[in-house]
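K.L.:
For the record, the sequence lines run as chains R and G.
Read in order, the letters of the first sequence correspond to residues 1 to 140 in UniProt numbering.
Read in order, the letters of the second sequence correspond to residues 1 to 250 in UniProt numbering.
Honestly, the hints are just simulated from the structure, not real lab data.
The structure displayed is predicted, hence computed values, not measured ones.
A hint or two may mislead.
Mimicking BS3-like on lysine-lysine, the simulated pairs with C-alpha atoms at most 30 angstroms apart in a straight line are [claimed, not checked]:
{"#": "1", "chain 1": "R", "residue 1": "K93", "chain 2": "R", "residue 2": "K74"}
{"#": "2", "chain 1": "R", "residue 1": "K74", "chain 2": "G", "residue 2": "K131"}
{"#": "3", "chain 1": "G", "residue 1": "K131", "chain 2": "R", "residue 2": "K93"}
{"#": "4", "chain 1": "R", "residue 1": "K126", "chain 2": "R", "residue 2": "K35"}
{"#": "5", "chain 1": "R", "residue 1": "K74", "chain 2": "R", "residue 2": "K35"}
{"#": "6", "chain 1": "R", "residue 1": "K126", "chain 2": "G", "residue 2": "K131"}
{"#": "7", "chain 1": "R", "residue 1": "K126", "chain 2": "R", "residue 2": "K74"}
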Amino acid sequence: MAVVLPAVVEELLSEMAAAVQESARIPDEYLLSLKFLFGSSATQALDLVDRQSITLIASPSGRRVYQVLGSSGKTYTCLASCHYCSCPAFAFKVLRKSDSILCKHLLAVYLSQVMRTCQQLSVSDKQLTDILLMEKKQEP
Amino acid sequence: MAETLKRVLSRGGAAWSREENTPAAGPPLLLLGAPGSGKTTMLFAAALEAAGEGQGPVLFLTRRPLQSLPRGTGTALDPMRLQKIRFQYPPSTRELFWLLCSAHEAPGPAPSLLLLDGLEEYLAEDPEPQKAAYLTALLLDTAAHFSHRLGLGRDCGLMVALQTQEEADSGDILHLALLQRYFPAQCWLQPDAPGPGEHGLRACLEPGGLGPRTEWWVTFRSDGEMMIAPWPTQAGDPSSGKRSSSAGQP
Chain R
1 MAVVLPAVVE
11 ELLSEMAAAV
21 QESARIPDEY
31 LLSLKFLFGS
41 SATQALDLVD
51 RQSITLIASP
61 SGRRVYQVLG
71 SSGKTYTCLA
81 SCHYCSCPAF
91 AFKVLRKSDS
101 ILCKHLLAVY
111 LSQVMRTCQQ
121 LSVSDKQLTD
131 ILLMEKKQEP
Chain G
1 MAETLKRVLS
11 RGGAAWSREE
21 NTPAAGPPLL
31 LLGAPGSGKT
41 TMLFAAALEA
51 AGEGQGPVLF
61 LTRRPLQSLP
71 RGTGTALDPM
81 RLQKIRFQYP
91 PSTRELFWLL
101 CSAHEAPGPA
111 PSLLLLDGLE
121 EYLAEDPEPQ
131 KAAYLTALLL
141 DTAAHFSHRL
151 GLGRDCGLMV
161 ALQTQEEADS
171 GDILHLALLQ
181 RYFPAQCWLQ
191 PDAPGPGEHG
201 LRACLEPGGL
211 GPRTEWWVTF
221 RSDGEMMIAP
231 WPTQAGDPSS
241 GKRSSSAGQP
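Isolated chain G, as found in the complex:
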């Protein structure tokens, strides 16, 4: 999944690259951020990316139906792609367990991407670590099964969004440590800006051994469209007392 997200992020700046027919989704990715940091939008952008031409369907799991479709990322919401995204709404942890455990019984083609929004809500229902570990492990196992069904050279990616709090309690910290064991790649979304007077989000992508950490600047236009650019790395601009270490230091 890290590769798919990287493609979403790098599309914002550069011209579309030769990686168009790369089948590899990359390692499972955990998307982290406070409420309102754009996680759902980012997940949806990844879903649109993965639902591109010639690629398989996408399975998007979330507790509640999205109130409105998050805006696109530079291209219009292509109806062909939208059709390939299948939404399911497990209302409880028990339902989510059932969905994952019975994923091999579901008919139809295997998805090329499995997304889950709001993992923290499912974990909150049953915070006991062994259950949390089992839920996480089942997500990986389900994606692995879909990969197996897709066949040679094709993978099902996995991307899961987890809401973090400003003040994390010990339970949250434990869950995070546990999740980081299972998700080699992580992307943090936080409100930040490269210079004074600007605003937006900083997306910090750790691909989990596949390469160096990369950072991106995410903003939303007045019409709601998401714009992405690489985080400026020149430290020339004195940050006037704002988050001083945010100038892309690796």
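With the rest of the complex left out, here is chain R:
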């Protein structure tokens, strides 16, 4: 990631990645750590992963972006290279600098990377541009 997560989060995610086989369960000790670090966002993020709500969209150029189907039925876009999510909770937390650094959608993206489980979708380069652009026009 271009923007670095706090060391403790990085460490936890890389330990989890080492411990978890593809699509296997996360050991309890890591679940506890996640909940400690992220509170209720951890449970909601795990739920999103379980429900296969994360899609990695890639185009032939190699550029990628994530989309997460939120619990409300709305789809949010998360960038693959740095912390950005189009959800209102992220905007709120970005505004309030002292609040947590990740929304549940971004956390779900990281967890799906660790567990190596998410939907994959291939689109054309032009379609990827449209997906990235759409976020600019999203209604508040």
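Dock chain G against the given chain R, drawing on the hints supplied.
P.N.:
Just chain G, lined up with the frame of chain R:
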């Protein structure tokens, strides 16, 4: 980008170092300063540095074409290097968004450095924080994509200049806090001088965890050439009532 800027700054004083073939550009860097503090010149110097022999092209984004090419930094403006700098002029925030979102569609080799001058103008068009965050994040994402295209061991650096005001309002402060989340490295340019009767700029480079803060003294000769020297750290000279804490205190 912080590493590239550091090389630009350290070239001014010391002999050219062994770092010539360092491919790493360093973390994304935010260049800050009031109007006229030399940000555009510094960006251009970084562009020339990155366009050196054996290195990739450079993409320089700015709202308006530069009236005149900023002066060099000790070496003549090498035409070979100049040729490698590609200028693009997105006239509005919408155009800039389009340019960044479609960067993966652009043909040709990926640049090794992405520069943007005047971020404050683009942010001013649409100050809503989520849009500001998205624009910033897209800059990082675009640089990350170029890094991916460059391949193993090579990075695309990112350097963005933001004009700051003497009297910052709450909107500016919010934007700055937001930008600092995304840019680990920052360089502040402000008018200052190490001693009485001297003038110039103080460049204060925070490399974002890569090392200690370093400070440099930037002046312009009468022919417009930029001269850079390390900021003198000896506190022997009483600053005669001028900015007293400017003597390189870390």
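K.L.:
Which numbered hints turn out to be false for this structure?
P.N.:
4
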